Amino acid sequence: MRPDSAEPDLSALSTGDLVVESPAAVPAPPPPATSGFELTPKPATAPDADRGLLEVAIGPHHPSTHGVFRLNAVLDGERIVRFKPVFGYLHRNHEKIGENGTYLSAMPYTDRLDYFCSLSNNWAYALAVEKLAGLAVPERADYIRIITAELTRIQNHAALIGFLLQELGAMGTPLMYAFREREKILDLFEALTGARMMCNYLRFGGCRCDLPAGWLEECRRVVEGLPRFFDEFENLLSTNEILMARTQGIGVLPPELAVSAGVTGPMLRASGVNYDLRKVDRYGLYDRFEFRVPLGEHGDVYDRYMVRILEMRESAKILQQALREVPGGPIVDPKVKLRNFRPKAGEAYGRLESPKGELGFYLISDGSTNPYRYRIRPPSFINLTILEDMCQGLTLQDALVILGAVDIVMGEVDR
Amino acid sequence: MNLPGTGIIKGMVETARNFVGSYHDPERLTTIEYPEERLTQPENARSFPMLIFDDDPVKGLRCVACKICEKECPPQCIYIVQDRDERGKPRKFPRIFDLDISVCMSCQICVEVCPFDSIKMNTEFELSTDDRFGRLLLHRDDLAKSNEYYHQIHATEAAEVDARLADEKAKAEAKAKPAAAKPASPVPTAAKAAAPAQPAAPVKSPAADKPAAKPASPAEPAAA
Amino acid sequence: METLDVIKTRAEAAVPGAQLALAPNGAVPAEASLVVDSAHAAAVARFLRDDPQLQLDYCSNVTGVDWLEASIKEKIKTRKLVDGVEKEVEETVEHKRPGHLEAVYHLYSMKLKHGPLVLRQRTANRVDQVRVASLTPVWRSAEFQEREAYDLFGIVFDGHPDLRRILMWDEFQDHPMRKDYVEPDDYEYEPTAHDDVLDKARRHYPVEEHP
Amino acid sequence: MPADGHPYLFLALFAGAAVVFCLSLLGLARLWAMLVSPAKPGPTKNAPYECSLASQGDAWVQFRSAYYLYAIIFLVFDVETVFLLPFAVAFTHLSVGAFVAMMVFLLLLVEGLVWAWRKGALAWH
Amino acid sequence: MIDEGLRSELSKQGVFTTTVGELYNWGRKNSIWPLNFGLACCAIEMIAASMARFDISRFGSEVFRPSPRQADLMIVAGTVTKKMAPQVVRLYNQMPEPKYVIAMGACAISGGPFKQGYNVLKGIDRYLPVDVHIPGCPPRPEALLHALITLQEKIAGQKLTGPERAPHLQEEAPSEYPIPDYGAYDLDPPKNPDVWQPPVLARKD
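Protein chains in written order, with the working numbering: chain A, 1 to 415; chain B, 1 to 224; chain C, 1 to 211; chain D, 1 to 125; chain E, 1 to 205.
Bear in mind the hints are in silico, worked out from the structure with no lab data behind them. Fair warning: there could be bad hints in the mix.
Said to hold, decoys possible - Capping the alpha-carbon separation at 20 Å, the derived lysine to aspartate or glutamate pairs in DMTMM-like fashion look like this: (1) 84(A) / 162(C); (2) 45(D) / 176(E); (3) 279(A) / 314(A).
Bear in mind that the values here come from a model prediction, so they are computed numbers and not experimental data.
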């Protein structure tokens, strides 16, 4: 049992496995919504055993943890008392490999970060390096980047809604619809970059190769079919009573707690905070296309679901505008050297709106070919900070639905 | 209108429409029966690298063992040993060219950085085996593939590569001809345009050997 | 957002006794960063969050950085008497930068939507004095990222509610992201080993093979 | 129906055939296990599966009382189906009185369920 | 064994003959139930293989069992990190015989692109015997189906009796492998010597 003094005594660190800290007698009331969120350590009271609390590990191998993610849950019957996540089961040392390799050799590794959205990871890394070295990107490359990033957003949100419905017990049906659509978009990626999921397509200052013949027509055909797919998805799900009963009012996230906990992406906008990097940072040529940012009012799981559906529709609108005329011209800045690329010593933090939230790359360069410090700001890892606050006092089934709505991908959470 | 059950019924109507549709609407039948019916891979598809030779697997191999791909490969899965002839002088030919496809992440950075267009991406993906130490480590002879095969799998890309090699050879010969008049030896200019050591392959017009089996992807210029 | 100097002066006024400094940044965007001492870090952070003009209510990114002992050559222009004439002379001065760990915070404002303010906290050295003030009570988003900096770099954050290892298993001793970390040796089967991997793999070869 | 045999003979034959059929399958499997594929028990194989972790602590934890409420309410359906089955089989030959009696029986059970539901026994708290 | 001439002769007349072993293997190979065990990116390709387009249910393997008790194939799809390795070996131990392992993707075979990581196990065959390896990062869904076909051929070839009968029928063949535990710097033991026997390499130059 750790003394709850402010000074963490290093020697008596509790084990990472089942934290034996016991909760307050009555579950701690949700913290008062002050301007910032002052987190006070939970007071320790009687040990769990004699009060009938069940400690169970929702372990690394679990059908509904979206990968190898573990939660130490202390349950009062079905109610959640404590919900501590344990990470690290897919910690693949992305940053150490990034620092041992050159700038270019880190690019294929960014595909494996959030393995649903390889092209927006590439763009985030390319954006950070271009900011570090001050490179310009030709207009055609920016158009291609926007098209591929929005296609990635659509297939990521569709797959996520499929997995969220699987949490609610709809075994497979919505996932089948989502993956049927995702396969069409993966065919486009394979025709353009050569690989379905691991595209490794962007380079510093542009793209690797030009659009193959006939790719734009194929892309227009797929984008025209998207609204019909969205209507079909909405008919199937949005007004479904079971979905509404199971997700409305569950996992409510107050806006101040969301901002203070650094939650970004659809989860933040579902709580009503208008913060979308495509509008805030105006990176790429996003200010050339008009699209709206959907916001939710209650901040519960149903709003997160609805915000993602509306975001898919907005992405389809961006695609229609972008595909109308893609300008000609070079696709990469010819001055940029492919091998021994040495940016000047210094540091830069580039970020963009990935489907999960704000994906940032913080690079410190010391003038050599390898980055001195290569850090990734993982949106799904930080969105998990307040998982326990959202699940406080709910049943285990609702907590797993909330976990599903956070949209975590373990490659990015554990890096 | 929303009586308690209508949402669920609307969902079921949607599923019913898809169920009925799967009997007549080809767009609904997405299954590819794999071993009998195969998915035609798009042209840029890539799986693992392969070495290109022009006409003879050993003499015609384009690779000059410059080890640029060995240095640039992110997971470091290429191993090259340069060949030395009897007097120990290094020859522009790899005696050993090992590629460990159990480590390769098929990121095709080796293709990008190779100045001699000697390593390209294959599309063969049916390589599952139970022999861990033998069949997953490809040696130079398993990797070497002919230029014609390269034309079969990546038609437009192969055509561009051949065109570029042809005019490089033409430029090198043009430079060599006046140099032959003057005794000064032509210094190989940029590393990019190193004269191919072995006699250049007879340039086949790309359209000639495009096999009918490959779906004729329209070859008009790429820009929209 | 105002320039960093204005913020620095206002912060020093708001938090008496805080030693603030500006760290230059050589890259093209040239966003300088504000170095704050650990004792007053929490107070300065609250000022940055609650100040009406700044309202930096969103701590986007917390990073640990390991700076090794290094000797830095700097070109500085000094006026020196050269054979009687007062002239601008550029000479390189070499000074040793002591090894230290660093926690870097990127702060944004979601309300006013303005850009990053980079806040840095530096430890005394890399060996025993590795304590830095935790900013989790100010921004809740720093909780997991500070635990990761503790796990991978060994920076101890005072005042963190739950400082435990987050990525490595608990019995793990080292801090693996440090520059001088030696990784475990399991290089016995490396079919395509060359350069430094070959040296590690050679230790597993049969003895007589060694040249 | 064999005219001379005991009227319930067919029932005994039917039950015997069913039992023999099941036992023969199980016997074959037991035979196969004994003769051909050896059993290989082991410490971790017999350990309880807990999401691929070594299970800590014992499972003999006092359960919440709400679980027993669910078990008791389940009885309402259990008893109901036990009596519904013969009722359904002999439904066509029944007189109206028997039908009404059955409906009253069903009504009583459903009324018990409604009472429990309104009392909030099903809501988990 | 039946001689093939007699068998083809009989089958012309419509009489189909088989042996107990073939029947046993035919039943097993067409209903391999994989364990629902996704680690990383390859798991997404495994899910894509189980969806409508690359329909894994045509091979009888669409039933992804969440618990190891009902699974007889473990598809190790993704990077096995050192923190996850003990759990993978424990899952393998808790699976009933006969059980098979497919190492899907470069990471499961040899650590793949993350081989230089300090927390990455350089291949699951350091602790478990692997039946089929699928190279690729990630391998296409069709490559997974091709691996299933390879595994089915391997099962069809397994004998019922005799010295080299199927391992799960041999009394002495181990069905459990020791689970590594967490050491101070690495897992100890770092590998299982009687499962992991790599050829000895020697680079002269």
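Checked hints:
1. About 11 Å separates the Cα atoms of residue 84(A) and residue 162(C), which keeps this hinted pair within 20 Å; it holds.
2. Distance check on the hinted pair: residue 45(D) and residue 176(E) sit about 8 Å apart at the alpha-carbon level, within 20 Å; holds.
3. In summary, the hint linking residue 279(A) to residue 314(A) is supported, as the alpha carbons are separated by about 13 Å, within the 20 Å threshold.
In summary, the structure agrees with every hint in the numbered list given earlier.
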